[in-house]
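S.K.: As a plain string of letters, each chain reads:
Protein chains: 4
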Amino acid sequence: MKLNVGMVGYKFMGKAHSQAYKDAPMFFPDAPKPVMKAICGRDPEGLAQAAAQFGWESMETDWRALVARDDIDLIDINAPSNAHKDIALAAAKAGKHIFCEKPLALTLADSREMLEAAESVGVKHMVGFNYRFAPAVQLAKKLVEEGRLGRIYHYRAWFLQDWIVDPDFPLVWRLDKNIAGSGSLGDLGAHLIDLAHFLIGDMKEVIGMSETFIKERPMPSSMTGLSGKGSVDAPKGPVTVDDAALFLTRFANGAVGSFEATRYALGHRCTNAFEINGSKGSVKFDFERMNELQVYFGDDSEEVQGFRRVLATDPAHAYMNAWWPAGHTIGYGQTFTHEVVELLHAIAADRQPVPNFRDGVACQAVLEAVERSIVERRWVGIEEM
Amino acid sequence: MKLNVGMVGYKFMGKAHSQAYKDAPMFFPDAPKPVMKAICGRDPEGLAQAAAQFGWESMETDWRALVARDDIDLIDINAPSNAHKDIALAAAKAGKHIFCEKPLALTLADSREMLEAAESVGVKHMVGFNYRFAPAVQLAKKLVEEGRLGRIYHYRAWFLQDWIVDPDFPLVWRLDKNIAGSGSLGDLGAHLIDLAHFLIGDMKEVIGMSETFIKERPMPSSMTGLSGKGSVDAPKGPVTVDDAALFLTRFANGAVGSFEATRYALGHRCTNAFEINGSKGSVKFDFERMNELQVYFGDDSEEVQGFRRVLATDPAHAYMNAWWPAGHTIGYGQTFTHEVVELLHAIAADRQPVPNFRDGVACQAVLEAVERSIVERRWVGIEEM
Amino acid sequence: MKLNVGMVGYKFMGKAHSQAYKDAPMFFPDAPKPVMKAICGRDPEGLAQAAAQFGWESMETDWRALVARDDIDLIDINAPSNAHKDIALAAAKAGKHIFCEKPLALTLADSREMLEAAESVGVKHMVGFNYRFAPAVQLAKKLVEEGRLGRIYHYRAWFLQDWIVDPDFPLVWRLDKNIAGSGSLGDLGAHLIDLAHFLIGDMKEVIGMSETFIKERPMPSSMTGLSGKGSVDAPKGPVTVDDAALFLTRFANGAVGSFEATRYALGHRCTNAFEINGSKGSVKFDFERMNELQVYFGDDSEEVQGFRRVLATDPAHAYMNAWWPAGHTIGYGQTFTHEVVELLHAIAADRQPVPNFRDGVACQAVLEAVERSIVERRWVGIEEM
Amino acid sequence: MKLNVGMVGYKFMGKAHSQAYKDAPMFFPDAPKPVMKAICGRDPEGLAQAAAQFGWESMETDWRALVARDDIDLIDINAPSNAHKDIALAAAKAGKHIFCEKPLALTLADSREMLEAAESVGVKHMVGFNYRFAPAVQLAKKLVEEGRLGRIYHYRAWFLQDWIVDPDFPLVWRLDKNIAGSGSLGDLGAHLIDLAHFLIGDMKEVIGMSETFIKERPMPSSMTGLSGKGSVDAPKGPVTVDDAALFLTRFANGAVGSFEATRYALGHRCTNAFEINGSKGSVKFDFERMNELQVYFGDDSEEVQGFRRVLATDPAHAYMNAWWPAGHTIGYGQTFTHEVVELLHAIAADRQPVPNFRDGVACQAVLEAVERSIVERRWVGIEEM
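Residue numbers (our numbering), protein chains in the order written: chain A, 520 to 904; chain B, 520 to 904; chain C, 520 to 904; chain D, 520 to 904.
The shape of chain A in the complex, shown without the other chains:
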């Protein structure tokens, strides 16, 4: 079985998805084979380069044309967030399966509209929460589901980065609320929330706080990308998103939770971490050591209790049998391979992949509840949303 893919977007995520489509058939030959049919973007020159470099068969500069093509089975959306909704609605209307990067949309209402559109026509839909697909995270999920951690008491999550600590770092689009919608909360917090949903379940209520530490930054030169540096002498503009956001949670199952997202934690390039404490055991994860899960069991014999550093690269660990012998690690890029494999298998089996738009909506609901709690300085119930 083959599946023809049309992809909108060709930057960071476009590259990650392309590698996944390329490598999946090699390491997961039992899944349907994705065919890299067409790539779509607005800038013909950049697009052509990406198509050649990533190995796509054809190009489209208008996503409407892509969606209209008969030879496309799946639309992969990793264009800027504010374009997600329109593309997804059109794809659903055209009866295409949809793989959409997070955040699903800029608002909860939009994301719900996308979910309904996809569900109403019966296509498969997936949202790009790739961190779920680290084998160590899958192991955490399995331990929770098998009851090996017991009743969950406490969930602790933090996503720490440090790429804008320099006050002269320019005012890139991610720092502009009109374009990015949100700052650390929507960017990093969204991942934290999705992992919590995946591992622990729904939240009941939240209360948060946020801060913008550097309120003005030099305007970027036209050439400045995400990681670019503009001129220090450039005129300054206001930062309109949060630099850091924190919130407390009460989960539906009674557990308490704390969440922290920041772009101002020097020394942390990509610390996407969580800890779960249950009545029978605990686990800890840090994405900077993504092949490892720290696991503690309360019923280990008395003298030799301690967190075990499990290197999740054994054949027993999710997806790892497909790669290398035990002890040979994988990286960030491979989480996308696993994600794509889940999507392909789901389509083949005529079931919804996980995580799908329902998960995207659930995440958006918590994000908006947190934002409301910050503005109104009070606890906000998720059911309010």
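No lab work stands behind these hints, which were simulated from the structure alone.
Repeated chains share a single entry, so a pair holds when one copy, or any two copies, can fit it.
Mimicking DSS-like on lysine-lysine, the simulated pairs with C-alpha atoms at most 25 Å apart in a straight line are:
{"hint": "1", "residue 1": "K723", "residue 2": "K660"}
{"hint": "2", "residue 1": "K734", "residue 2": "K799"}
{"hint": "3", "residue 1": "K552", "residue 2": "K541"}
{"hint": "4", "residue 1": "K696", "residue 2": "K734"}
Given the coordinates of chain A, assemble chains B, C and D onto it according to the supplied hints.
M.R.: For chains B, C and D alone, coordinates are given in the frame of chain A:
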């Protein structure tokens, strides 16, 4: 110079303080020499054993008698918390210096009364926040003070224990609000708050949440101490304190903060930890590895940036020149030696030791603000207190 | 520029090389593009499956036919070790560039013959010491070369695995001297030696010891592969290679060294580790955390000296600019991408890639010196070889 | 029961022993109580200060006088190594129990003479290998003895320090063979050997190598102690001991072993570390984190295998019930308390303490075998000694 000590209490803290008095003259000969003059407790038999075992010269079974003795310069209070206030007020009235374990008192009002009493007569007063005296914590303080971390953006603190995860663990006095006053918040959270005050400064407002996961436990048999286990078949009684408490903070200097205290984090015996993120650097500390501080500097050259694991046992580190050659670690007990040395030096220099009752009061104010925020489900300003 | 590749072998290494050829053009578009022209193996069925799965354009069941093809520029040899020599000699004779997996050959004499053959016709030759291509290892090399570690005093290397600790694990071909040539020494020790050559330079003399702990094992059933388990009740046969090998070294530059290779270190799946101590600094590496290098500088200021955990994923680190933003790790598979990129760039620039057959020969010389030192129970000079 | 102690020496080890005598009765009240009766040294002024500071009742400036005193039960020898033998022989002759610091003597012959002298008169004798008394090391021993690691295959030990990396560090007595006898081998290697004997058992044969990296150093000024720095401009003298020493071992039980001792490993203040690999499990220890033992069991279930970081501070761990609640660590100083408690209990029970002079002799035999193997460049059997 010598200083005659009279100590009330002879359990866990009594033992820790006794070792400190014993060892201080050997490792810190420049400080005044504490003389272990008299130990005081209500149970004559237990007291006699403690006096012999710890090496105290005499005994008193009534603290009033101890306070009245002419040959006592310093009253060391490590009796149960609800006794702190009366003893301290009497000691102040008698013109004795006071060294009081944390928490200073059960209420903010009481602790303020104690502070005023001590200040009005001009005696020296100290409160027992011993974690400040780990050399690695002193190094963190020094880096903050010297500006090497820059402007502080984020403070993260967590104190995790696991000693009551077993639901059959009996209802010891620490789980009874009438006696203990508070649960994880007052016990563990107090240490977190004091370290934050020490390292970062005052807080402006807080909002918290707490939970009691196991609401009933077997009544302890008469023999059950802190770590004892009663009969599983014993009748049950209600747990009246919090098992876990979390809160968010905004500091006076603009930094954001998160705090978590729990006795339900399996795998953590005594994880008293913090991380500080500033504009120039970050530090991390975990008491289970109390000789180490993780230090990151943003201006390290590009290729070799990373958290340094500093083993704070070099002669350059606070107090360490007194102990062993570099690389030879100290333990929990030695934090009390340092604490006592600070007290002795302060008395000799006719200055207040640090931390003193002011710090105890400041900690109590935050604790009560957090409690109010939990009850009233709203942000509470510290100045309200 | 394109380069047509013909690959002999399609198992573990064949898969790793195939992924490298696939991904290289996507992440390193400046290098010549490898074309996956033909794959070669003896079993037509297995070969056909591999060709389809990995994406090779055509197949050959006889390597002589492959070598004879006009449309092949580069012969990639990852067939069993005992086939390396004949294929390489034929490839050289045919004027093809050669990329040969380690070990270059079963004997030092053979490897020298291969080097001479390749050199005499002027083709490019590379040997597959892929661990050099972890960015953290490249960083270690750079620090040594820039003199930032000063004069090197001590090199410590250990490669620990645990895949044959179970005495019922069958007698696979890697445990048969006739086929594998050597055990832990040739398999794991070879990587240790190459990294030492890369990082520190030549050795002067060695003395070693080895041991075979389990001397008999069940004969494997015909279906048993590397990781398979045969029947416990199967008749037993003798293990004819070493389970563990250790040796001491004196380097040409005066440094002392210790090396340990074992397949009997429970808990270690793939601990390929080294530490270098110099007069100005030290570094530590462990492949199980391949994205990290621990770096210590003696001239860091006194209070904040400590090993820095450098996450070698910044744009400043070798090869990493091609992948993801800082903090997003890579895995084992990506070391082959880098290796292939070095090969492609070298061919384009008409220079020998590094490591090449000279490095393979140098490694083989040390291996044989160690073996001789074990047999003759004496120090053996490398120049004896 | 009380025991009167007379101690010869009052520097580093004298201080460590004094703290142990002071603290033992407080934390281990069931052991006989040591009475700090007399301290002995040659310099009256330094001695008087030490006596006052450490809390000894009386002084002697001649160890012969001390040994002759009727009120002394135990002679504690921590004077310079070259004085050990005479004092011990005299003490034995006088019927005193003996506690002697390592190394027992400067030569194997001397140490044997000391053992025979003590045995012939039936006094108790102990040698100061304090590292055995870290609770984490005791746990390792227990796991080995209970067979939980299975058959031992591999022992790996390294003691790394960095205090003389600076070439201008003066030529202190520890670098003079006439006084110190040996360098890194006798100082650090002796500890490694003793731990190996304790944990694994006897060795069969060894082969070693050593190096002196900095062959000349400035003569120290008269004031320079162990850690002092003399003048860079001082005339230079030859370093006559080894800076680093390495050796390989075959144990009597068939295990292989590697040992490394160096004072030139920047970043390591006191890394006294070992790893044991057995057929059922492995353990790892590093003295810089002396409260922890890493423990791996091969029979842990497949998905959750990994080294456990056991914090050896639970009541179940050796000696820890006497100190603080779980999670509250101890330091270097407390290993001496445990050592002294073993000695006191042994005397009370009329049995030899462990480790005793037999262990001191066994260690010396290996040290001399290593030295011979270095000189003669060959494997040396321990039974040769």
